[in-house]
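S.K.: Residue numbers (the UniProt record's numbering), protein chains in the order written: chain A, 1 to 285; chain B, 1 to 296; chain C, 1 to 248.
What the hints contain is simulated information worked out from the structure, not anything from laboratory work.
Predicted model, so just to flag it, every value in this text is computed and none were measured.
Any given hint might turn out to be false.
Stated by the list, open to error - To list a few chain C residues with every Cβ distance to chain A over 12 Å, as calculated:
#, residue
1, Lys9
2, Asp70
3, Thr81
4, Arg86
5, Tyr102
6, Asp117
7, Asp232
Stated by the list, open to error - No more than 27 Å apart at the CA atoms, straight line, and that leaves these computed lysine-lysine pairs for DSSO-like:
#, chain 1, residue 1, chain 2, residue 2
8, A, Lys182, B, Lys176
9, B, Lys2, C, Lys118
10, A, Lys7, B, Lys176
11, A, Lys182, C, Lys99
12, B, Lys195, B, Lys176
13, C, Lys139, C, Lys93
14, C, Lys61, C, Lys118
15, C, Lys135, C, Lys192
16, C, Lys93, B, Lys2
17, B, Lys179, B, Lys195
18, C, Lys139, A, Lys279
19, C, Lys93, A, Lys279
20, B, Lys106, A, Lys279
21, B, Lys18, C, Lys61
22, C, Lys118, A, Lys182
23, C, Lys99, B, Lys14
24, A, Lys7, B, Lys195
25, A, Lys182, C, Lys139
26, C, Lys123, C, Lys135
For glycine and all other residues, C-beta sits at the position ideal for the given N, C-alpha and C.
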Amino acid sequence: MLFKPSKLSAVIEWGTLLLSTALVCFFLIVVIWEIVSKGAGQLSWDFISKVPSNGMTRGGILTPIIGTVMLTILTALFAIPFGVCCAIYLNEYAEDNWLTRTIRASIRNLSGVPSIIYGLFGLALFVQALQLGTSLLAAGLTLGLLSLPYIITTTEEALMRIPNSTREAALAVGATKFETIKDVVLPSAMPGILTGVVLTLSRAAGETAPILFTGAAFYINSSSGYLNQEFMALPYHLYMLSTQHQSIDEVRPIAYGTALVLIIVVFLMNLTAFYIRFKYRKNES
Amino acid sequence: MKYKARLSLDILFKIVFKGTGFLVLILLGGILAMLVYNSFSFFLDVKPLDFITGMEWSPASETPKYGMLPLVLSTTIVTFGAMLIAIPLGIGTAAYIAEYATPRVKNLLKPAIEMLAAVPSVVIGFLGIVIVSPGIANLADLSNGLNALNGAILLAVMALPTIITIAEDAIHAVPKTYKEASYAVGATKWQTLRKVIIPAAAPGIIAAVMLGVGRAIGETMTVLMATGNASILPTSMFDSVKTMTATIAIEMGEVPYQTTHYFALYAIATVLFLMTLAANMLGEYFINRFRKYHAV
Amino acid sequence: MKVKLSAEKLNISFGTKQVLKNIDIQFVENEITALIGPSGCGKSTLLRSFNRMHDLSPDAKITGTLKLEDLDLYARSVPVTEIRKRIGMVFQKANPFPKSIYENIAYGLRINNLPCDKSIVEKALREAFLWEEVKNDLKMPATRLSGGQQQRLCIARAVALRPEVILMDEPCSALDPVSTLKIEELIVYLKKKYTIIIVTHNMQQAQRIADKTVFLYLGEIKEEGSTRKIFDFPENEMTANYIHGQFG
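Bound-form chain A, shown alone (with noise of 0.2 Å):
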């Protein structure tokens, strides 16, 4: 084969490449723009801190908000000491055979499983067999299994980091094998576990499909969430606002108001993650 080299065919080859990358750039302008500048004239004091009224035509969006901040709440406290001891027991315990490589590889299968199968089976065990009915518990448990295999994954990625030589350090000093862990490991790997969390929890936080038949509300009168309640969410009111409420056009501007602040709260979740991964690197050199 001969290589027939031209001045205008390698200019004709970069554009196609950097048209790709702007063009992906241009779709993420398009959502950002899109949203910001349509959503921040709703931005206002009232709008986070008025619940809706008139039939959501008016009012802020206060509900949905605790909403989700409870909702983010209930799944870390359910993922995060499962998901990490999981993990802590995959790679510090666990021996290195057949069946540990089954589990792990079934794990990693299990975040790609898509999130509307974990709304069916939070419907089946948490709202169905264990009789919490549709409300705010039976979704944080929904979501908070879905976050489950990111939180193992990542935690173990953080675990696998630490050298073996700094758990012998530990032991040759005398620390049982759990000091090792409480002491020297997690410490080691707080910063990976963290930025994984955060990330995990700020999926979470977005997610509807989970919640669509576990507990999300089209309307609630109460600001506040109970446990045992159906609540409103940030993603589903955004969804109903958009496709079911009776008066579409009339509430649109709520729904970009929402749109945007959902886009900053998973935002700001993503941008402490970031953070935390660049300040672990700085230290780490």
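For this one, chain A is given, so just place chains B and C on it according to the hints.
M.R.: Chains B and C alone, transformed into the frame defined by chain A:
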């Protein structure tokens, strides 16, 4: 602390870690059990063959029909469309980041792509309604743009970050010596990219595509909001479609507990689960193959 | 001459692979013994069997008797943490805890219920020839120290627990010549108080610091004796070949 206390604490926590580990496994294994059990209940009422080859999905009609083909075809057509857009764009962007971008540009592009990945699917779906739909309606002269094309565009946006990140890793991991060898025989950058780097990174790129496909098949909110949800056999990209995920999302809220229709939705979920599992496992297989060759 | 540490009929295998065969060896108090031999001969395995580091590998099988004076190291009634307190270890690559310099010393004292205050930490650092260099930065993360300093900190960490034996697994292999000399000086100084066993690949190092030298090959002790004798008048042909750098 006395040694005995330390020792019992050590043993106690070993049990705690092991216990939670197994509890988590049981819970996650429960997902599989639930799918199998409920699908089985469904197949007691409806013949598997009728389900798999049925051309009509109308569970609410007087003689309910549970044919999954329209749903599977809808999911397929939307995913296929999304990949037509996302694969060239994704690989092009990955190649640009890995091979052409200066470190400064790279440091801007990578966070930008992570940001795109972080946008919740419901927000993308919302933009499908307010931007893409009127756009399509205008261009194609339709009454509205809630159709397969809309879903494909949105899913492409959602799958792009996955494809770009993994494909970029793969291209980046190709050993420098390959490149140098190619330059040494007088190849241009582009020729090197096409004839040397991309083929060497191919398993990684295929993995990226498979994981992107997995993400697109399983995505619920965007397609639910942007594809119109008419459960007919789609014939073109401009038809309104009702994907498997959207079907579950819409109908699960309305069906009575443990009826044939209820079980039918779990059967759909099982098929969906198997499809995403296949895509993800293929992706994993290719990633491992790539790692074996290049020892990343 | 009192025997401090001994192994009798020691066999160690990992899975189906036997690493040590029928080892009989004794280490004398307040002496430095060097373990030498080509890579994979089992010298690290032997060293790590004394503070039971093989407890971590589930497929390790150990038979024979290992004793610290009269104490059976593998007896069921003996807590492994107690053994590791009495037999300290320094590793090939400096592995300070990702904590402050002070905490690196204090951690071992604290978990073992030993008294712990600044004077004790200072004493350990002084013994490791590190005090003068770090006395003003005790709160600094240990990972910011240089490689040689980190390794001396690891020695201080071991010394702080007042062990009877210190095991050293190629402690200088990752260091530059200047740091190496400093640590060798330290090791010689420490033998007044402790019994030291050191694994090394460096023949000059063994000659400079060790009282006794043991040559291992393929899991067996081929020759042992005073360092002078091993290096000047090796009896075994393989020993001679190895110390003259013909293989390894």
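S.K.: With reference to the structure, classify each hint as holding or not holding.
M.R.: So, going through the hints one by one against the coordinates:
1. The Cβ of Lys9 (chain C) lies farther than 12 Å from every Cβ of chain A, with a closest approach of about 26 Å, so its non-interface assignment holds.
2. Even its closest Cβ contact with chain A, about 21 Å, leaves Asp70 (chain C) beyond 12 Å, as expected for a residue assigned away from the interface.
3. Not every CB of chain A is more than 12 Å from the CB of Thr81 (chain C) (nearest about 4 Å), against its label as outside the interface.
4. Against chain A, the non-interface label of Arg86 (chain C) is violated: not every CB pair exceeds 12 Å, the least being about 9 Å.
5. At roughly 15 Å from the closest C-beta of chain A, the C-beta of Tyr102 (chain C) stays outside 12 Å, upholding its exclusion from the interface.
6. Non-interface call for Asp117 (chain C) relative to chain A: holds, since the shortest CB-CB distance, roughly 18 Å, exceeds 12 Å.
7. Non-interface call for Asp232 (chain C) relative to chain A: holds, since the shortest CB-CB distance, roughly 35 Å, exceeds 12 Å.
8. For the proposed pair Lys182 (chain A) and Lys176 (chain B), the alpha carbon gap of about 41 Å is over 27 Å, so the pair is violated.
9. Taking the CA atoms of Lys2 (chain B) and Lys118 (chain C), the gap is near 23 Å; set against the 27 Å cutoff, the hint holds.
10. Only pairs whose Cα atoms come within 27 Å are accepted, and Lys7 (chain A) paired with Lys176 (chain B) is accepted, the gap being roughly 24 Å.
11. Using a Cα cut-off of 27 Å, the hinted pair Lys182 (chain A) and Lys99 (chain C) holds, with the two alpha carbons roughly 13 Å apart.
12. For the proposed pair Lys195 (chain B) and Lys176 (chain B), the alpha carbon gap of about 14 Å is at most 27 Å, so the pair holds.
13. A distance of roughly 22 Å separates the Cα atoms of Lys139 (chain C) and Lys93 (chain C); the hinted pair therefore holds under the 27 Å criterion.
14. For the suggested pair Lys61 (chain C) and Lys118 (chain C), the alpha carbons sit about 42 Å apart, so the restraint of at most 27 Å is broken.
15. The suggested pairing of Lys135 (chain C) with Lys192 (chain C) holds, with an alpha-carbon distance near 25 Å, which does not exceed 27 Å.
16. Restraint check for Lys93 (chain C) and Lys2 (chain B): the C-alpha separation of about 32 Å exceeds 27 Å, so the hint is violated.
17. Using a Cα cut-off of 27 Å, the hinted pair Lys179 (chain B) and Lys195 (chain B) holds, with the two alpha carbons roughly 10 Å apart.
18. Annotation: proposed proximity of Lys139 (chain C) to Lys279 (chain A) holds, straight-line Cα distance about 19 Å (limit 27 Å).
19. Using a Cα cut-off of 27 Å, the hinted pair Lys93 (chain C) and Lys279 (chain A) holds, with the two alpha carbons roughly 25 Å apart.
20. The suggested pairing of Lys106 (chain B) with Lys279 (chain A) holds, with an alpha-carbon distance near 19 Å, which does not exceed 27 Å.
21. Of the supplied pair hints, the one linking Lys18 (chain B) and Lys61 (chain C) holds, its CA atoms being roughly 24 Å apart against a limit of 27 Å.
22. Proximity of Lys118 (chain C) to Lys182 (chain A) is assessed by CA-CA distance (about 24 Å); at most 27 Å being required, the pair is judged to hold.
23. Straight-line distance between C-alpha atoms of Lys99 (chain C) and Lys14 (chain B) comes to about 25 Å, which keeps the hinted pair within the 27 Å bound.
24. Taken as a hint, the Lys7 (chain A) and Lys195 (chain B) pair is honoured in the structure, with Cα atoms around 19 Å apart against an allowance of 27 Å.
25. About 21 Å separates the Cα atoms of Lys182 (chain A) and Lys139 (chain C), which keeps this hinted pair within 27 Å; it holds.
26. Between Lys123 (chain C) and Lys135 (chain C) the alpha-carbon distance is near 11 Å, which keeps this suggested pair within the 27 Å criterion.
Taken one by one, the earlier hints fail for this structure at numbers 3, 4, 8, 14 and 16, listed in ascending order.
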